[in-house]
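K.L.:
Residues per chain, in single letters:
There are 2 protein chains.
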Amino acid sequence: MRTAFHHRLGTLTEQLGAMCAMAGEAIGQATVALLNADLALAERVIAGQEDVVAVNARVEENAFTLLALQAPVATDLRAVVSGIRIATDAQRMRALAVHVPEIARMRHPRNAVPDDVRRHVAEMGEVAEQLAGVAREVLLDQDPRRAAQIRRDDDAMDELHHQLLAALVDPGWPHGVAAAVDVTLLGRFYERFADHAVQIARRVIFQATGH
Amino acid sequence: MRTAFHHRLGTLTEQLGAMCAMAGEAIGQATVALLNADLALAERVIAGQEDVVAVNARVEENAFTLLALQAPVATDLRAVVSGIRIATDAQRMRALAVHVPEIARMRHPRNAVPDDVRRHVAEMGEVAEQLAGVAREVLLDQDPRRAAQIRRDDDAMDELHHQLLAALVDPGWPHGVAAAVDVTLLGRFYERFADHAVQIARRVIFQATGH
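Top line first, the protein sequences correspond to chains A and B. Reading the first sequence from the start, the letters are residues 1 to 211 in full-length UniProt numbering. Reading the second sequence from the start, the letters are residues 1 to 211 in full-length UniProt numbering.
Hints listed in this document are in silico derivations from the structure and should not be mistaken for laboratory results. Check before you lean on any hint, since a few could be wrong.
[To be verified] Here chain B is said to cover these stretches of chain A; the calculated rule only asks that three of the stretch's residues, wherever they fall, bring their Cβ under 8 Å from a Cβ of chain B:
(1) 62-69
(2) 72-79
(3) 82-88
(4) 167-174
(5) 181-190
Glycine included, each C-beta is placed from N, C-alpha and C at the ideal position.
Produce the entire structure from the sequences given, and follow the hints as far as they go.
P.N.:
Structure below.
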């Protein structure tokens, strides 16, 4: 019974890791689609959301079966409940990764990102993708020593977001209000994506270490 | 055993309803603080977030105890798992309600909302507060007939958000980029608040009716 439980819990963890990987790949491609005004790639990232819904349904069913058939207690129960929450975060990350190419599609064939903030957006995309990777790795290896890296990446994202907003409200911003609205939303999407990845990693580390 | 379970499940539901009520009150006060540039009220809404963290901890413990001690199955188990997700949504609503007075505080003593979009923001605040109330009522009375009202309020919020963004990107927008950035973020906070309230109501109705 314990073995069956831990086998299934291992499957749940792998599924959660796969959800993080899908979200990370999506935000990476979303950023490429955005910066290159690549409509075909934007459409692919948007369409890929359907796969995530299917994976998420399997994760939910798996967590539910774990609770229903095995009635875990203590640490095992906390691991399943934590898994349910992590699935919500990972699904939200993938949804945020769809909002980025949605803006690219809306502005196509124009590029939604003015040159002045191109580098910021590219870096936010990189940090977001990296954080999804870290969340996945923390899930799979449960190594709390990654906490420092998560904090570094999280701080990097905050700093990039701060710089991005500063560039927008600079009186010298020459691209008008409409472009600023798009970039404001894009910045928010990347920041929230990163927040969820950090949240996942923190849940796992808390689960493993108690703090 | 069944009675103890359902008593505790009833407590969980009441706690979730209280979380929705707190979020609704917070977004209402947040909107007043924002529109009046009322710094004292803004600070109170921000500080109130601490109470929510405490309530949320009790909800989590309650859900956890339900699973650990009663090992519910089938519908009862789904109700508890659904409760865990609802707590996440309600907590997020309250966090979004803090972002609104944070912008008010940042711009004080200036009013962050230009007169042109004051009415939109006020209405978004009203619809958001109303949706929190509906989510609470659906939780407490499990009445699926409210689904139509939720859809109406959700559509109203989408329309307001759409109008708000249209006002910002109108070439006649006279308030500059910095104000537009603030209003863009505010619009996003209200829209996300509403999304979470709708999500809660949908979960409850799905739980009660299966669709």
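K.L.:
Take the hints in turn and mark each one as holding or not.
P.N.:
Hints, one by one, checked against the model:
Check on the stretch 62-69 of chain A: 4 of its residues sit with their Cβ under 8 Å from a Cβ of chain B, so the three-residue criterion for coverage holds. Counting residues of the stretch 72-79 of chain A whose beta carbon lies closer than 8 Å to any beta carbon of chain B gives 4, which reaches the threshold of three, so the coverage claim holds. For a cut-off of 8 Å, the count of residues in the stretch 82-88 of chain A with a CB near a CB of chain B stands at 3, and the three-residue condition holds. Here the stretch 167-174 of chain A counts 3 residues with a CB under 8 Å from a CB of chain B, which clears the bar of 3, and the coverage holds.
Only residues whose C-beta sits within less than 8 Å of a C-beta in chain B count toward coverage, and the stretch 181-190 of chain A has 4 of them, enough to reach three; the restraint holds.
Every hint, counting from the list given before, is met by this structure.
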